[in-house]
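Novice: Chain by chain, the residues run as shown.
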Amino acid sequence: MVPELSDEKIMLLVREGHLSELTALFDRYQVSLYNFFLRLTSDRAVSQDLTQNLFYRVIRYRQSYEPAQGSFRSWIYRMARNVHVDFCKQQQKGPGRLADPEEVEQQLADQSTGYTQDQYQRLDLALAGLDPDQREVLVLSRYQGLKYEEIARIRESSVAAIKVQVYRALKQLRTLYFKQI
Amino acid sequence: MNCKEIQAKLIDYLDQGLDPTTAAAIRQHLETCAECTREMQELKELLTTMKDSPREMPPPVLRESFDTMLQSELNMLTTANIIQEFPAEERPRKNLLPFSSPVWKVAAAVILLASGISIGAALRTRPETSSTDDQLSALRKEVKEMKEQVLFSLIDDESASQRIKAVSYAEGMASPDQQVIDALMNTLNNDKNGNVRLASLYSLARFSDRRSVRDSLVASLSRQTEPIIQVVLINLLTEKRETRAIAPIKDILTNKKTLKEVRDAAQRSLKVL
Chain A
0 MVPELSDEKI MLLVREGHLS ELTALFDRYQ VSLYNFFLRL TSDRAVSQDL
50 TQNLFYRVIR YRQSYEPAQG SFRSWIYRMA RNVHVDFCKQ QQKGPGRLAD
100 PEEVEQQLAD QSTGYTQDQY QRLDLALAGL DPDQREVLVL SRYQGLKYEE
150 IARIRESSVA AIKVQVYRAL KQLRTLYFKQ I
Chain B
0 MNCKEIQAKL IDYLDQGLDP TTAAAIRQHL ETCAECTREM QELKELLTTM
50 KDSPREMPPP VLRESFDTML QSELNMLTTA NIIQEFPAEE RPRKNLLPFS
100 SPVWKVAAAV ILLASGISIG AALRTRPETS STDDQLSALR KEVKEMKEQV
150 LFSLIDDESA SQRIKAVSYA EGMASPDQQV IDALMNTLNN DKNGNVRLAS
200 LYSLARFSDR RSVRDSLVAS LSRQTEPIIQ VVLINLLTEK RETRAIAPIK
250 DILTNKKTLK EVRDAAQRSL KVL
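Quick mapping for you: the protein sequence lines, in order, are chains A and B.
The first sequence begins at 0 in numbering that gives the first Met the number 0 and counts up one residue at a time.
The second sequence begins at 0 in numbering that gives the first Met the number 0 and counts up one residue at a time.
Since the hints were made in silico from the structure, they are not lab data.
Everything numeric in this text was worked out from a predicted model, so none of it was measured.
Heads up, a few of these hints could be off.
Claimed, not checked - Beta-carbon label-pair distances, calculated as ranges: (1) Lys-88(A) - Glu-238(B): 48 to 56 Å; (2) Cys-2(B) - Gln-68(A): 39 to 47 Å; (3) Tyr-60(A) - Ala-137(B): 21 to 29 Å.
Just so you know, even glycine gets a beta-carbon here, dropped at the ideal spot from N, CA and C.
Next comes chain B alone, as it looks inside the complex:
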């Protein structure tokens, strides 16, 4: 190798990316060539200085603004999903909203509407992405297993938001096994937090084509006292034309404690069933 060839290999030489024979040849050349040695030393200083250059820590505000941005994207995503899935003829008409009634009633109406829509969204099967790539499908399988792990590790967590996270992982599973279904069902029937129970119901709704899931949902109907969950459950079973739900729905209707909104939903449902 002449000097030019040596100099072209000096970066790899310093990175220790050369085979032993070439590296030895360069080392030998450097012992006798002052010009190449100088070049090597300068390059070495440069590379070391670059490698050791201190990195600056970004200010904490960077993380804060990321959190804010993420939160607003999450909100937008939720809203977008609702608007997208809502059929035009069922769009709420402003003049039908009971403006004179207390605020909570309006809020309840919105939530009930949103629940119905989300159920609709949940029932739609997502288009399967076809991929022949084995590596990719192995990755997907790992992700699925990981989701199960997350689900089981968080479903008994202290924090309600963690439990919601756990049950929402089930939503993404194409065909969860019975263990997952049981865990969701247990949450739907026994979790002390209404939001967690509702999230669990949404996840279960996706699998309500299974008869066993519908059986448990019918059984759950008589246990639920939370109005939102009652309405979502009634709507779901009605949509599935589940006639075995008629008896528990009648019970809800005869119960004097039942809220008007729930009663309305029950009556609509009985007409269909």
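Isolated chain A, as found in the complex:
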């Protein structure tokens, strides 16, 4: 039987021109990446487009993949991040502005009047109230379950700096989330 290959080996094959091998990586990553975009944009159609764009870029920039520079996962997430940044620039809303923070606060305040919402939805709303950078670091760390080392590579930062960012983002999120109850 054909052995199960690591992401890195498959990507090396893709880099060498065996483009159809990318299907295996697509199957491994499409759900995570789609949800990554969905958390950042709250828009299904956009998230589909961005996932598609991302894999298009993987093909286009396959030569830039260097296994010595880290895992495939950090490579593709770094690219995903750029796809999202470009999308936001296109929208001319600034990076990842989901909603006006004041609007979110108002919405949250409205909900505190007896109406019990599903906790996941409440969390989504609170998340939307964060600034885009904080939202991204939390999505990577908590929803996507990436390690601090990986996030540091993706965001071209240090592990210590990422830990501080996660800490601050969680603190902010906590304030927004528990304000709703």
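With chain A's structure known, arrange chain B on it following the hints.
Specialist: Chain B alone, transformed into the frame defined by chain A:
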């Protein structure tokens, strides 16, 4: 540790990423500090909710559009390779194409041209990427071994496209061993599908600097009846100035069943050889 220091470590505490001594100290503090306990519980609820948040499945159309995109990229790659490798003076001139003849003839001419070009492309050695990184070269070695595994596991597959995939893996190998060459040669001579035989020939073309490979290719020439393969084989051996191919090429020329396109290629080849 005071409350501020404790709170700064609560995430790691909940992630169970602390050493046992620090974790024990925090646990002890939490027993007596209501403020920190509240913070810890809120944080815990938040982290658990995030961790357990349901993931949405992307709609099937995402996979479909990926497949379409991949297919069109593959097509573009093939076309790009052909254009890139084609020398300007040999570019086909439209007025030379036999527009009056049946469509299959035009198609055949295009395929024959493309075959010649692909051979040219295959013969060009790719630039070696120099890397001193041991880890990387170990990875490359593993990839090479994996390619061999794929090749041998798919070369007898039922589906022709899988067999083409198998033989095309050999193309990427820098120096395949004799076992790989034999497998390709066997496919070239015996596979029931013409496209698979052609793909196999392309892979072999890359290693035609080896005398043993050329020997087998010369022998294969008299076995082949498929016009495309005959032409590609003749062109390849001519390019390699393989004089031992003269006899089988003459045989092809005298054979009454030989197609005109093949005959032309054979005559051109004999002039050179």
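Novice: Hint by hint, say whether it matches the structure.
Specialist: Hints, verified against the model:
1. Lys-88(A) - Glu-238(B): 48 to 56 Å: holds (51 Å)
2. Cys-2(B) - Gln-68(A): 39 to 47 Å: holds (41 Å)
3. Tyr-60(A) - Ala-137(B): 21 to 29 Å: Check passed, 25 Å falls within 21 to 29 Å.
No hint from the list above goes unmet by this structure.
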